[in-house]
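Protein chains in written order, with this note's numbering: chain S, 221 to 559; chain V, 190 to 295.
Source of the hints: derived by calculation from the structure; they are not laboratory data.
Since we're looking at a predicted model, the values are computed, not measured.
Each residue gets a CB set at the ideal place from its N, CA and C atoms; glycine is no exception.
One or more of the hints may lead you astray.
Derived pair list, reagent style EDC-like, types lysine to aspartate or glutamate, alpha-carbon separation capped at 20 Å [to be verified]:
| # | chain 1 | residue 1 | chain 2 | residue 2 |
| --- | --- | --- | --- | --- |
| 1 | S | K344 | V | E266 |
| 2 | S | K344 | V | D255 |
| 3 | V | K243 | S | D273 |
| 4 | S | K363 | S | E388 |
| 5 | V | K269 | V | E245 |
| 6 | S | K428 | V | E244 |
| 7 | S | K348 | V | E266 |
| 8 | S | K511 | S | D273 |
| 9 | S | K482 | V | E197 |
| 10 | S | K363 | S | D458 |
| 11 | V | K293 | S | E349 |
| 12 | S | K453 | S | E418 |
| 13 | S | K428 | V | D255 |
| 14 | S | K453 | V | E266 |
Away from chain S, derived, C-beta distances all over 10 Å, residues of chain V [to be verified]:
| # | residue |
| --- | --- |
| 15 | I205 |
| 16 | T237 |
| 17 | N248 |
| 18 | E254 |
| 19 | E281 |
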Amino acid sequence: MIKTDALIIGAGPTGLFTAHQLKLIGLNCELVDNLDKIGGQCIELYPDKPIYDIPAVPECTGEELTNNLVNQLKPFNIKFHLKERVDEVKKIDQNWEVKTNKGTVFLTPNVIIAGGVGSFEPRKFSPKECEKYEDKSIFYSIKDKSIFSGKTVSIFGGGDSALDWAIELSSKSNVNLIHRREEFRGAQSTVDRVYELEKSGKINLFTKYQLKGVRGNGKLESIDIQHDNKELKTLNTDYVLGFFGLIMQLGPIANWGLNINKKTITVDTEKFETNQKGIYAVGDICSYPGKLKLILSGFHEGALAARACFKLARPNEKYRFEFTTSSKSIKDRLGIKSD
Amino acid sequence: MSKVTYIEHNGKSHTIDVQNGLTVMEGAIQNNVPGIDADCGGSMACATCHVYVKEEWFNKIPKKEDGEEDMLDMAFEPNKFSRLSCQIIVNEELDGLIVQLPSKQA
Numbered sequence: 221m222i223k224t225d226a227l228i229i230g231a232g233p234t235g236l237f238t239a240h241q242l243k244l245i246g247l248n249c250e251l252v253d254n255l256d257k258i259g260g261q262c263i264e265l266y267p268d269k270p271i272y273d274i275p276a277v278p279e280c281t282g283e284e285l286t287n288n289l290v291n292q293l294k295p296f297n298i299k300f301h302l303k304e305r306v307d308e309v310k311k312i313d314q315n316w317e318v319k320t321n322k323g324t325v326f327l328t329p330n331v332i333i334a335g336g337v338g339s340f341e342p343r344k345f346s347p348k349e350c351e352k353y354e355d356k357s358i359f360y361s362i363k364d365k366s367i368f369s370g371k372t373v374s375i376f377g378g379g380d381s382a383l384d385w386a387i388e389l390s391s392k393s394n395v396n397l398i399h400r401r402e403e404f405r406g407a408q409s410t411v412d413r414v415y416e417l418e419k420s421g422k423i424n425l426f427t428k429y430q431l432k433g434v435r436g437n438g439k440l441e442s443i444d445i446q447h448d449n450k451e452l453k454t455l456n457t458d459y460v461l462g463f464f465g466l467i468m469q470l471g472p473i474a475n476w477g478l479n480i481n482k483k484t485i486t487v488d489t490e491k492f493e494t495n496q497k498g499i500y501a502v503g504d505i506c507s508y509p510g511k512l513k514l515i516l517s518g519f520h521e522g523a524l525a526a527r528a529c530f531k532l533a534r535p536n537e538k539y540r541f542e543f544t545t546s547s548k549s550i551k552d553r554l555g556i557k558s559d
Numbered sequence: 190m191s192k193v194t195y196i197e198h199n200g201k202s203h204t205i206d207v208q209n210g211l212t213v214m215e216g217a218i219q220n221n222v223p224g225i226d227a228d229c230g231g232s233m234a235c236a237t238c239h240v241y242v243k244e245e246w247f248n249k250i251p252k253k254e255d256g257e258e259d260m261l262d263m264a265f266e267p268n269k270f271s272r273l274s275c276q277i278i279v280n281e282e283l284d285g286l287i288v289q290l291p292s293k294q295a
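Isolated chain V (complex conformation):
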């Protein structure tokens, strides 16, 4: 288990114990964290699990694969800390990860 903190756009924070090996998206969906839709179910085919990774964590996460950046073009208000949470796999090194959620996904 690793702790992941999801901060909603309105500032409300949810710290969840997410099983290592699950994605940040799955951690949110399974624990009813609002603000992540994940319409395509994690196949990197939509952009509705978009998060902003807290700056100090951004470089600790494995780099984007081809296709993620293309998909982020479709996200709502992306910035340089944008990631698709279905592509971030939780592990011990990411214990304490903080992500912020956009005001909406679409």
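Isolated chain S, as found in the complex:
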């Protein structure tokens, strides 16, 4: 069990700056994020898109903003738990016991939810019966590619993940590549390679088709795909892979007894605390009268929530407001030598 002054859920810009604020006032914290990288929506949805409304930064991309925020955390030693999703939050005396899907357990007086629109999860196939085969014959990510050797694999999607796996698996498997339109959005060299492999018979290409149904008896046997013009085709297949990107889902947060309205959590504007003492919500996921879904608002909300955490983490100490320009203790925390 990991004991910490505050646990931050979500490593997007708001979560990162909130961590900075906590460390600055002398509290320790850890971060959990379901993505495999730091940066949240900035990295997953728009790494290359320019942002123009970060104070004092005329223009930067989502990736640059993330890198700068991570740099700002460099003086501090903060543990990130990536690829983990918080599943359970339970009150134990004065603390919250927080469990992730990987079995990590935290004990903390403060939980700060900086979860954006929720955790990123793979988009799944629409036919209901696909659930039955999930993680057995239908996958949305690949952990062990050796299982596909000598088998027929049907890959759906038109981006780099779908194309890369189609190319990779075509050397040892019989590969069907199915996409809902004729254009692919992968890198040109990757797309060219796919067409070459199609010509040499290594990849069977089906464009303007989507998955309509799956068939099997405990074990997946075949799939039905439908053309734009409604024509149906049945393909025998051992495995199906879907690469449709990620979606955001509120997920388990909905079960923690918080006031949730339209996928956002109601908070006060003094501490950004929810209806549960010691649980705060900051950034896009929180709502209050006048809330703006801007990154700069998340920074403000995180700064205030961090101060509120102090009270519960250090009940016998008094929080003193200090400026980074003049405080010796803050400079010590930042590792800056003062004269």
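Fit chain V to the given chain S structure using the hints.
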């Protein structure tokens, strides 16, 4: 103001006066029309404001920009009348526009 009709997957219809210049997505969100999530807030970075434009209206709407079609690859059950409603700006010429909503956004 122009009238936009949103038809939910279950057939329930909502006709809304949407201010010209707003997007079809904003018209839905501001008037609590269920079925459009718009998780990314209109930056064409998700596909949760996906609609099917009624056939007779489809060609009257300005064509998709680069990127919208890529994003529609991620939508739930897209078809040839699929659009992202955050990319359709309401104007007088679209008065009477009808869009149908998918059974879910994700």
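Evaluation of the provided hints:
| no. | hint | result |
| --- | --- | --- |
| 1 | S:K344 with V:E266 | holds (11 Å) |
| 2 | S:K344 with V:D255 | violated (24 Å) |
| 3 | V:K243 with S:D273 | violated (37 Å) |
| 4 | S:K363 with S:E388 | holds (14 Å) |
| 5 | V:K269 with V:E245 | holds (13 Å) |
| 6 | S:K428 with V:E244 | holds (19 Å) |
| 7 | S:K348 with V:E266 | holds (13 Å) |
| 8 | S:K511 with S:D273 | holds (16 Å) |
| 9 | S:K482 with V:E197 | holds (18 Å) |
| 10 | S:K363 with S:D458 | holds (17 Å) |
| 11 | V:K293 with S:E349 | holds (17 Å) |
| 12 | S:K453 with S:E418 | holds (19 Å) |
| 13 | S:K428 with V:D255 | holds (19 Å) |
| 14 | S:K453 with V:E266 | holds (18 Å) |
| 15 | I205 | holds (18 Å) |
| 16 | T237 | violated (7 Å) |
| 17 | N248 | holds (17 Å) |
| 18 | E254 | holds (14 Å) |
| 19 | E281 | holds (30 Å) |
Hints 2, 3 and 16, counting from the list given before, are not met by this structure.
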